[in-house]
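**Student:** The primary structure of each chain is shown beneath.
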Amino acid sequence: MRRSTRRGVRRWLPGLILVSPSLLALGVFVYYFIGWNGYYSLTNWKGLAPPDKMVGLDNYKQLLSNDETFRNDVRNLVVFTVVFMVGSLLLGLFMALLMDKGVRGEGVLRAIFLFPMAISFIATGIIWRWLLNSDSGAGTTGINKLFDVVGLGFLHSDWHKSDSSFAIASLALPAGWALSGYVMALFLAGLRGIPEELREAARVDGASELRVYWHVVRPLLLPVLMSAVVILAHISLKTFDLIYAIDPGGPRTETPALYMWLTSFRGGFFARGASIATMLFGAIALVVIPYIWYSMRQERR
Amino acid sequence: MTAQAPTAPQTREPEAPPQRSAKPFRWGRFLRQLILFALACFFLMPVYALLVTALKDPAHVDVVKMWNLPDTFSLESFRTVIPQLLPGLRNSLTVSILASTISSLLGAANGFVLAKWRFPGADLAFPIILFGMFIPYQAIIIPMFKLLSDVPVIHQRALGDTLFGLILVHIIYGLPITTLIFRSYFAGLPDELIEAAEVDGAGMLRTFFYIALPIAPPAFAVAMIWQFTSSWNDFLFGLILTDTEHWPVTVALNNIAGGQTVPFNQAMASAFLASIPTLLVYALLGRFFMRGLMAGALKS
Numbered sequence: 001m002r003r004s005t006r007r008g009v010r011r012w013l014p015g016l017i018l019v020s021p022s023l024l025a026l027g028v029f030v031y032y033f034i035g036w037n038g039y040y041s042l043t044n045w046k047g048l049a050p051p052d053k054m055v056g057l058d059n060y061k062q063l064l065s066n067d068e069t070f071r072n073d074v075r076n077l078v079v080f081t082v083v084f085m086v087g088s089l090l091l092g093l094f095m096a097l098l099m100d101k102g103v104r105g106e107g108v109l110r111a112i113f114l115f116p117m118a119i120s121f122i123a124t125g126i127i128w129r130w131l132l133n134s135d136s137g138a139g140t141t142g143i144n145k146l147f148d149v150v151g152l153g154f155l156h157s158d159w160h161k162s163d164s165s166f167a168i169a170s171l172a173l174p175a176g177w178a179l180s181g182y183v184m185a186l187f188l189a190g191l192r193g194i195p196e197e198l199r200e201a202a203r204v205d206g207a208s209e210l211r212v213y214w215h216v217v218r219p220l221l222l223p224v225l226m227s228a229v230v231i232l233a234h235i236s237l238k239t240f241d242l243i244y245a246i247d248p249g250g251p252r253t254e255t256p257a258l259y260m261w262l263t264s265f266r267g268g269f270f271a272r273g274a275s276i277a278t279m280l281f282g283a284i285a286l287v288v289i290p291y292i293w294y295s296m297r298q299e300r301r
Numbered sequence: 001m002t003a004q005a006p007t008a009p010q011t012r013e014p015e016a017p018p019q020r021s022a023k024p025f026r027w028g029r030f031l032r033q034l035i036l037f038a039l040a041c042f043f044l045m046p047v048y049a050l051l052v053t054a055l056k057d058p059a060h061v062d063v064v065k066m067w068n069l070p071d072t073f074s075l076e077s078f079r080t081v082i083p084q085l086l087p088g089l090r091n092s093l094t095v096s097i098l099a100s101t102i103s104s105l106l107g108a109a110n111g112f113v114l115a116k117w118r119f120p121g122a123d124l125a126f127p128i129i130l131f132g133m134f135i136p137y138q139a140i141i142i143p144m145f146k147l148l149s150d151v152p153v154i155h156q157r158a159l160g161d162t163l164f165g166l167i168l169v170h171i172i173y174g175l176p177i178t179t180l181i182f183r184s185y186f187a188g189l190p191d192e193l194i195e196a197a198e199v200d201g202a203g204m205l206r207t208f209f210y211i212a213l214p215i216a217p218p219a220f221a222v223a224m225i226w227q228f229t230s231s232w233n234d235f236l237f238g239l240i241l242t243d244t245e246h247w248p249v250t251v252a253l254n255n256i257a258g259g260q261t262v263p264f265n266q267a268m269a270s271a272f273l274a275s276i277p278t279l280l281v282y283a284l285l286g287r288f289f290m291r292g293l294m295a296g297a298l299k300s
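Quick note, the sequences are listed as chains G and V, same order. The opening residue of the first sequence carries number 1 in our numbering; numbering runs sequentially from there. The opening residue of the second sequence carries number 1 in our numbering; numbering runs sequentially from there.
Quick caveat, the hints were computed from the structure, so don't treat them as lab data. This one's a predicted model, so the numbers in the text were calculated from it and none came from an experiment. We treat Cβ as the ideally placed atom computed from N, Cα and C, and that holds for glycine. Treat the hints with care, since some could be wrong.
[As the list claims (entries may be wrong)] To be clear about the criterion: a stretch of chain V counts as covered by chain G if any three or more of its residues have a C-beta under 8 Å from a C-beta of chain G, and this derived list gives those stretches:
{"hint": "1", "segment": "35 to 49"}
{"hint": "2", "segment": "141 to 148"}
{"hint": "3", "segment": "201 to 210"}
[Said to hold, decoys possible] With a Cα cut of at most 27 Å, we get these calculated DSSO-like pairs of lysine-lysine:
{"hint": "4", "chain 1": "G", "residue 1": "K145", "chain 2": "G", "residue 2": "K161"}
{"hint": "5", "chain 1": "G", "residue 1": "K61", "chain 2": "V", "residue 2": "K65"}
{"hint": "6", "chain 1": "G", "residue 1": "K46", "chain 2": "V", "residue 2": "K146"}
{"hint": "7", "chain 1": "G", "residue 1": "K161", "chain 2": "V", "residue 2": "K65"}
{"hint": "8", "chain 1": "V", "residue 1": "K146", "chain 2": "G", "residue 2": "K53"}
{"hint": "9", "chain 1": "G", "residue 1": "K61", "chain 2": "G", "residue 2": "K46"}
Whenever a hint applies, use it, and build me the whole structure from the sequences.
**Tutor:** Okay, here's the thing in structure tokens:
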């Protein structure tokens, strides 16, 4: 690292001045606002009247111990996150492995797998809500209808209208549709970053193709896997629009991100909303801060 | 295993692998191709349903027949929804263009300083900026809502009653990613070039304007595309921080196509219309879009 202080303040000050508006803006709108939100979570703010009393951790206690809706939403979020993350990681990795050695039309395939990233979650949700239609009999349509056509009628499902946890799990399908191409691109970039000589060396030593993947490629893909996990986890925790567009409200598919919006901006329970938001933030920070720390350390080496 | 433990791989934009000589097991290749084709069909399935429906004569649209090819062709569905969607499209275009441009300019300055004109504490400043990229907007939306509805700008209109609030949030929350993109880009600028400019008496600003910016168009493409796409696709800010008149297209879309009662063909036509700008950017500038995605995962 260059010691830039050596040549004195006159050298580094202009740089600092140029960056300071952005630092100030982010300081206020990210860090101060998170603190401000945290402050609201400790008040009794409800409805139109401004907060007038500090209630300590009461909002949190209430949410965690007494609020059936919140507990239901957390359960939903856990199911959604697990199914969505495992599904997207497996599908993305699978696609990357299939494409790794070069296939016909790779450019076209990549473009097809990635285009959902360019579309808003709202548009995605609106299309998928019709595809996940659960009407039966003569009204059968969407994916269920496709199942009929190819003779897999027994796969019929109520999707997000199901009575079990399958309702929220089924929303991992549109979410995975939107994001597994991204995971594929990350893995493919990782695979292509592995020097061919390394694999060749293992082959020369008599390793089968499967063993080459397991012993040479797999360890080298771990950093990519970590990136993908962090990206998917933080998206999963904060996702609001996709679920809102498919099924706005309703205990089957509600998650804390939706509850936060509903209770604050529909119900006026701003203090409660702020508490949920603080918890969401905490959960995401838990995943993201180590990741940024690790990335910075990697870079310095 | 004689291969040495290698250092962590540098991920980068995937590029075609070197052509390998003829493979002995062609069946494997065929199978791979087949599975990928099937997956491509899965990814395109919603697009098929959308296009086929939006292009049918509304009188012939029936949800139950959503997979059937149209026997009539009509743009009537688009004609119906365009007037409803137009204000939203206009708002989103204004917000996304302004926010992506300004955010990228600020990001270019930050990126240059953090890569080449470091100040004491720069190593701390960067992760502090970067963290802003990952925060859930839920965690700042209540204070933002309060601020924008309490601060009057002109004639008792609050900030939230103009597009200004929305532009502001997309500039600010775009700063982390644009800074990251430009920082990685300028890191590749040879130090000798900067030093030579210094010897010639150029200060920081001159170096930035005359040496860094002229070579930065590719980074601008990446940063602007990313920020354009994320402001365009944002829903939460648009929903909470604007009034009906200033709804971005996502909120307008959800309002038109969100209800269960809306005709199927209109829902599909409006979803398509609202996605055209970002899809166009993706189709025309996919390479830069891709690099933005990699940067978003902190991979350069």
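**Student:** Would you mind marking each hint as holding or not holding in the structure?
**Tutor:** Going down the list of hints, with the structure as the test:
Against chain G, the segment 35 to 49 of chain V contributes 10 residues with a C-beta closer than 8 Å to a partner C-beta. That satisfies the three-residue criterion, and the hint holds. Only residues whose beta carbon comes within less than 8 Å of a beta carbon in chain G count, and the segment 141 to 148 of chain V has 5; three or more means the coverage holds. By the rule of at least three residues with a Cβ nearer than 8 Å to a Cβ of chain G, the coverage given for the segment 201 to 210 of chain V holds, with 4 such residues. Taking the CA atoms of K145(G) and K161(G), the gap is near 16 Å; set against the 27 Å cutoff, the hint holds.
With a CA separation close to 51 Å, the supplied pair K61(G) and K65(V) exceeds the 27 Å bound. In summary, the hint linking K46(G) to K146(V) is supported, as the alpha carbons are separated by about 13 Å, within the 27 Å threshold. Proximity of K161(G) to K65(V) is assessed by CA-CA distance (about 21 Å); at most 27 Å being required, the pair is judged to hold. Of the supplied pair hints, the one linking K146(V) and K53(G) holds, its CA atoms being roughly 18 Å apart against a limit of 27 Å.
With a C-alpha separation of about 17 Å, the suggested pairing of K61(G) with K46(G) holds against the 27 Å cut-off.
Hint compliance for this structure: hint 5 is the single one not met.
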